[in-house]
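There are 6 protein chains.
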Amino acid sequence: MRKGICTGSFDPVTNGHINIFERASKLVDELTVCVFVNTQKNYLFDVEERVQLLKESTRHIENLKIDSSGGLVADYVKSHGIKTIFRGLRSATDFEKEFVQAQFTKYLAPEVETIFLLTEINFSFISSSGVRELAKFHGEVGGLVPKCVEIALRKKFGD
Amino acid sequence: MRKGICTGSFDPVTNGHINIFERASKLVDELTVCVFVNTQKNYLFDVEERVQLLKESTRHIENLKIDSSGGLVADYVKSHGIKTIFRGLRSATDFEKEFVQAQFTKYLAPEVETIFLLTEINFSFISSSGVRELAKFHGEVGGLVPKCVEIALRKKFGD
Amino acid sequence: MRKGICTGSFDPVTNGHINIFERASKLVDELTVCVFVNTQKNYLFDVEERVQLLKESTRHIENLKIDSSGGLVADYVKSHGIKTIFRGLRSATDFEKEFVQAQFTKYLAPEVETIFLLTEINFSFISSSGVRELAKFHGEVGGLVPKCVEIALRKKFGD
Amino acid sequence: MRKGICTGSFDPVTNGHINIFERASKLVDELTVCVFVNTQKNYLFDVEERVQLLKESTRHIENLKIDSSGGLVADYVKSHGIKTIFRGLRSATDFEKEFVQAQFTKYLAPEVETIFLLTEINFSFISSSGVRELAKFHGEVGGLVPKCVEIALRKKFGD
Amino acid sequence: MRKGICTGSFDPVTNGHINIFERASKLVDELTVCVFVNTQKNYLFDVEERVQLLKESTRHIENLKIDSSGGLVADYVKSHGIKTIFRGLRSATDFEKEFVQAQFTKYLAPEVETIFLLTEINFSFISSSGVRELAKFHGEVGGLVPKCVEIALRKKFGD
Amino acid sequence: MRKGICTGSFDPVTNGHINIFERASKLVDELTVCVFVNTQKNYLFDVEERVQLLKESTRHIENLKIDSSGGLVADYVKSHGIKTIFRGLRSATDFEKEFVQAQFTKYLAPEVETIFLLTEINFSFISSSGVRELAKFHGEVGGLVPKCVEIALRKKFGD
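Chains as they are written, first to last, in this note's numbering: chain A, 2 to 160; chain B, 2 to 160; chain C, 2 to 160; chain D, 2 to 160; chain E, 2 to 160; chain F, 2 to 160.
Note that these hints are calculated values from the structure, not bench results. Check each hint, because a few of them may be wrong.
Unchecked claim - Computed cross-link-like contacts, DSS-like style, restricted to lysine-lysine with a CA-CA straight-line distance of at most 30 angstroms:
id, chain 1, residue 1, chain 2, residue 2
1, B, Lys107, C, Lys56
2, B, Lys79, A, Lys156
3, C, Lys107, D, Lys98
4, E, Lys4, F, Lys84
5, E, Lys42, E, Lys137
6, B, Lys98, D, Lys148
7, A, Lys4, E, Lys137
8, D, Lys107, C, Lys148
9, D, Lys148, D, Lys27
10, F, Lys56, F, Lys148
Unchecked claim - Non-contacting residues of chain F with respect to chain D, defined by C-beta distances greater than 12 angstroms in every case (computed):
id, residue
11, Arg24
12, Lys27
13, Asp76
14, Thr120
15, Gly143
16, Gly159
Glycine is no exception: its CB is placed at the ideal position from the N, C-alpha and C atoms.
With the sequences and hints as input, model every part of the structure.
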């Protein structure tokens, strides 16, 4: 069985992420989407909320499961028998950061392959931080995130 | 009437900014320079000081006005009937950040055009953060910022 | 009167070019689209054909005129009183080439400003060379070029 | 059955290419390596030689087949039921070219996914053109290409 | 006598840094490695520890001395008669940051040359922050840093 | 004795090249400037003319000698006991090409170091091809190239 993973903060998940999940899920038999938590960062949504929003917005993808972790990506994939890490690429600057990260992962887990999908151009300007900024000013986020995230953002910012 | 805008933190305004204002002001009938405030950032100069330094250093540009805002750029330009956002570009890395930002602005305000001017090469190494760092160590900032900013920096750092 | 120019080979003009013309034409009072001919290059369409296709596909833009030249861009703009050169930017690599070109133009014609518009993302993969390649293999070019260009390409490749 | 493809000129195939084939072959059930011929280019090896060298140097990869084509990649994959195009990425500049190409492919064949593998760092400086240049000056190409290619290069350059 | 300098935070020094020191030391008669301290940053190792680890891991390089400073690089090199600043380059993004910094240094100390060495590809994924992250999760850092740093990291993270 | 080299086509030498020679010559005891000839390229000036123009325009640099070669850079430096190759960098795109080339050179001549100097910003738009293009249209090249090159260009283009 081919197993793959998408990793990130997902604070919150956007339509750009969902598009990557849909495409990656076709390339493996089982796709895990895993929230990695960095204890030195401040998040808008806590990890349980982020996992819950991911679950609600990915019900249409059959071979997908949601998880979270506070450790290293390399340790997670080794202990779960995952051989493929999927990453979305938006730009040449993205590429350079990802290149260093992928080499580091290869050093830690040589049998794991990092592969890259290009962000769908119509989603390429959407980032979790842009969505949070927009929601803070009560802007319209309806086209950028799943419905459940839109509702959760409204609650957070008291609309 | 063609209206344009230059946005930024301007903490403080540099000769590189002034050069962009001078060139952008020739491309529109009225140019607004607007200080956008991010409440999560720490600034050296508060917003009133930054507005004041901008006013003093742009008196020679006739069709220019100074303003400040705590909101979104897209909301500001829509409510002021501004159709052109000017951005200075120094490098390919700049370009990538600006590309994402410009697409986001287009999503929020489709009728507004973001256009890019290249930073004059002799000013391309000047940034507000570099100027602050230099002033902190009592370095010579005379060629990098307008006279009024030089004086204000000396006061801040007790020269 | 503000005069601007868009320059290129336009072999042939694509919908991406037309989109840039439409947006640039709003930023000046008169926009010239000028075919520059490099005698060392081989073209699919000769210069008269390219001018003709540009004329047919830009009739809806009122303040636009078509021209051609075998000289330097810097000489053309100086002799025609044009103060603004518009360039479309698709990527960071584009940016670097344009940066060098714009500095060279500034050296030759210091009073002329090169300004950059971002290519509309849905047109960003369209290039004249891609269109020629596709037409050669009898692929569908209908969404990529104006109607008159589609017809001209079919004639060239004997569909 | 998941089918994938690696495309290129392979003039000649290098150890860098072989490394990508080995890794891509693990991600699909059947991998096609297809030589695409551009009639306007001059090649060192003709298409039959290139196919033969590919065959000899990929015998150890079970689920791999070699082919050649004079058409468009998008047409080839559609007519062969291939859903995944693999591309190797070495650098940010590579990325930008590949980004445009992948968007073009998506326009022509929306159901096909282009995915990217990073070039193994120890192979990242190896290109077919570098190998040809080195062989021309009778340099040592042994570590850069498969044995059969080394022999073929020696014959071409009369060592 | 030709004097050169390598500057950085070195929190902690890695095998990638050591490789740059070894190569730079051959290009000058005396090489200074100087820890620059930014009072607004939090470090894992304090400046005395970082200097000590540098001393222990560079004993094999004869013409090298270790120092630390809380000032500007430009002031340090001017007061020590150093004419060459060495910087390691890993990527195009690195290049752009370094370009701005080098121009700034040139403005402050016109007689000083910044020259760039490429990071050895097998070390290019190693960064001090990656090493700290890995050590925090008790990962294997043995191939990435000198022996004395490995021991110091184990003490910090209580292995 | 430290020996270094600057390589290129120098068709013709520009003020940007001279600036690199002046700075590189201070970093070694003997600097060779070597014209490398690619038999598949067309040049404006033949190799003897290019060597002659280099000689005339570098008389002020004492420790510099001019040479030419039809072979590989790696072979030349090995047979001449040169340990340092100097390259000028203008941009991030330059960097990526140079990175691949430097890795290739390291593979062929592991003991040779390629080091990079940043192009002086006021020369960064000057290229040999830009100069040739400008001279062809009888433009003013006086600020871009040494006097002897200006005269040689005028002769070529019959001014």
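For each hint, the structure was consulted:
no. : hint                  : verdict
1   : B:Lys107 <-> C:Lys56  : holds, 29 angstroms
2   : B:Lys79 <-> A:Lys156  : holds, 26 angstroms
3   : C:Lys107 <-> D:Lys98  : holds, 28 angstroms
4   : E:Lys4 <-> F:Lys84    : holds, 18 angstroms
5   : E:Lys42 <-> E:Lys137  : holds, 19 angstroms
6   : B:Lys98 <-> D:Lys148  : violated, 46 angstroms
7   : A:Lys4 <-> E:Lys137   : holds, 27 angstroms
8   : D:Lys107 <-> C:Lys148 : holds, 22 angstroms
9   : D:Lys148 <-> D:Lys27  : holds, 23 angstroms
10  : F:Lys56 <-> F:Lys148  : holds, 12 angstroms
11  : Arg24                 : holds, 26 angstroms
12  : Lys27                 : holds, 30 angstroms
13  : Asp76                 : violated, 7 angstroms
14  : Thr120                : holds, 18 angstroms
15  : Gly143                : holds, 34 angstroms
16  : Gly159                : holds, 33 angstroms
The structure is inconsistent with the numbered hints 6 and 13, although it conforms to all the rest.
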